[in-house]
Amino acid sequence: MRHGCLIAALCAAGLALATSAQAGRSCEARPPSASAVARSLTLAEHTAARLDASGAQVVALARAGQNLSEYGLRYSHFGLAYRDGAAWRVVHKLNACGSAQAAVYRQGLGEFFLDDLFQYEAAIVVLSPDVQNHLLPVLRDNVRVAQLNTAAYNMVAYPWSVRYQQSNQWAIETLASAQEPAARTRERAQAWLKLQGYEPTTLHISALKRLGARISAANIAFDDHPNEKRFGDRIETVTVDSVFEWLDRSGMGGTVQVIR
Amino acid sequence: MNRIPFRRAAIAALLAAGVCSAQAQSTLSDASALSLLPVAISVAAPVAILSAGAVLTVVAVEATSAGTVWVLERASDGARASVRLGARAAEGASALVGSAVVVTAISTGWILSAASQAIAFIPNELGAALLYNERITR
Chain A
1 MRHGCLIAAL CAAGLALATS AQAGRSCEAR PPSASAVARS LTLAEHTAAR LDASGAQVVA
61 LARAGQNLSE YGLRYSHFGL AYRDGAAWRV VHKLNACGSA QAAVYRQGLG EFFLDDLFQY
121 EAAIVVLSPD VQNHLLPVLR DNVRVAQLNT AAYNMVAYPW SVRYQQSNQW AIETLASAQE
181 PAARTRERAQ AWLKLQGYEP TTLHISALKR LGARISAANI AFDDHPNEKR FGDRIETVTV
241 DSVFEWLDRS GMGGTVQVIR
Chain B
1 MNRIPFRRAA IAALLAAGVC SAQAQSTLSD ASALSLLPVA ISVAAPVAIL SAGAVLTVVA
61 VEATSAGTVW VLERASDGAR ASVRLGARAA EGASALVGSA VVVTAISTGW ILSAASQAIA
121 FIPNELGAAL LYNERITR
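Chains A and B are the protein sequences, given in the same order.
Count the first sequence with this note's numbering and you get residues 1 to 260, in order.
Count the second sequence with this note's numbering and you get residues 1 to 138, in order.
You may find that some hints are simply not true.
Said to hold, decoys possible - If you only want the chain A side, here are some residues facing chain B, beta carbon under 10 Å, derived:
#1 Gln107
#2 Gly110
#3 Glu111
#4 Asn142
#5 Glu187
#6 Gly212
Said to hold, decoys possible - Interface residues of chain A toward chain B, partial, derived using beta-carbon atoms under 10 Å:
#7 Leu41
#8 Val90
#9 Leu94
#10 Tyr105
#11 Leu109
#12 Phe113
#13 Leu114
#14 Pro129
#15 Val131
#16 Ala152
#17 Trp246
#18 Asp248
#19 Arg249
#20 Gly251
Calculated from the structure, these hints are not laboratory results.
Please read these numbers as outputs of a predicted model, since none were measured by experiment.
Cβ coordinates follow ideal geometry from the N, Cα and C atoms, glycine included.
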């Protein structure tokens with residue numbers, strides 16, 4: 001597995017000001033500090049305790065990997081967590097260090113938070129009993145969690161296109177396919193999400209920033225966005241915050257619970 | 001010597017999978033977050049050697065068919081511990097020989113660090129339940 005960490009870290013800043021050409025640079029493996037590991041594992045432990053106490057079997061679980069306040073967003077990434085015996089597992093999609101590819105993983109809460117977090121804070125949304133019942137068998141089944149995965153990754157993938165797929169997009173499309181048996185393709189899952197009133201976040205990203213980001217990072221592309229939106233500096237994508245709002249609004253999930 | 005086995009050999013997957021970067025985060029959707037940190041599969045050591053604040057020295061890094069073994073020695077009395085990690089933990093680890101390693105005890109296990117950088121995590125049972133890594137799609 002190639003390490004593209006530095007690139008991805010740059011990408012994080014990339015939308016804002018990436019202009020240097022870092023594409024293709026390999027991931028610079030930098031060990032985390034002991035204090036960061038301690039804080040991450042403590043957050044994992046607190047999250048496990050809260051999940052145990054929730055009585056839930058399936059939740060949406062988010063982390064804050066970046067300061068996204070510029071975009072009015074609080075969380076950067078979410079996965080679908082489920083109870084597996086006495087432990088909790090998170091099924092989520094990860095982009096390998098800034099490459100243009102991503103894969104679905106099943107991880108422990110420790111791995112989920114063993115990251116360079118911006119804030120040591122987690123958020124959970126307990127899904128409705130109906131959604132939990134539909135999702136639980138899916139999350140245990142490697143074939144079904146892979147069914148709507150598209151390896152081609154774009155951090156700002158357009159929500160209503162199947163050319164690329166970012167992590168949060170995989171999660172809600174998988175939720176859609178669990179809820180609606182007919183949603184066996186990404187197109188159908190997206191149609192179901194529209195029907196259910198999901199609304200992505202609109203980011204206002206100028207042409208100059210888009211150009212810089214595209215040049216600097218393999219995992220950012222804009223060619224899946226409709227021209228009228230792209231050239232209007234309106235980039236729509238699936239964000240944690242928009243998903244959480246939708247889950248609450250639609251009754252498919254409860255309110256956001258913050259864990260520190 | 002007291003042997004501390006950990007039930008989840010799957011922990012080794014953290015290393016076996018060649019996991020990388022803790023640094024990468026994407027802006028809006030995610031990003032890779034595979035931990036760089038080697039996780040111990042088993043430890044053979046006098047229990048007390050893993051006490052908080054203990055200062056150890058890496059005296060050897062041995063590659064074996066079952067993974068990588070780090071031999072740690074306590075400066076104060078020469079007591080030794082063997083920590084078995086996945087094969088990937090051998091990468092770059094030889095540079096650690098001679099390094100001072102500090103043990104930090106947390107509720108989920110012990111963090112080994114050198115120059116404030118975490119170099120390995122030794123989970124207790126609580127910590128082991130938090131760790132699992134399986135790549136589902138290629």
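A/Val90 as chain B interface residue, shortest Cβ-Cβ below 10 Å: 9 Å, holds
Satisfaction of the A/Gly110 interface hint, Cβ to chain B closer than 10 Å: 4 Å, holds
A/Arg249 as chain B interface residue, shortest Cβ-Cβ below 10 Å: 20 Å, violated
Restraint outcome when A/Asp248 is required to lie within 10 Å of chain B by C-beta distance: 20 Å, violated
Satisfaction of the A/Leu114 interface hint, Cβ to chain B closer than 10 Å: 4 Å, holds
Hint validity - A/Glu187 Cβ closer than 10 Å to any chain B Cβ: 19 Å, violated
A/Val131 as chain B interface residue, shortest Cβ-Cβ below 10 Å: Result: violated, 21 Å to nearest chain B Cβ.
When the least beta-carbon distance from A/Glu111 to chain B is tested against 10 Å, hint result: Status holds, d = 5 Å.
Interface hint for A/Trp246, Cβ within 10 Å of any Cβ on chain B: Because about 16 Å separates A/Trp246 from the closest Cβ in chain B, which is outside the 10 Å limit, the hint is violated.
Status of the A/Asn142 interface restraint (C-beta, 10 Å, chain B): At about 5 Å, which falls below the 10 Å cut-off, the nearest Cβ of chain B leaves the hint on A/Asn142 intact, so it holds.
Chain B contact restraint for A/Phe113 - C-beta distance below 10 Å: 8 Å, holds
Proposed interface contact between A/Gln107 and chain B, which counts if any beta carbon pair is under 10 Å: 5 Å, holds
Checked against the numbered hints listed earlier, the structure breaks hints 5, 6, 14, 15, 16, 17, 18, 19 and 20; every other hint is satisfied.
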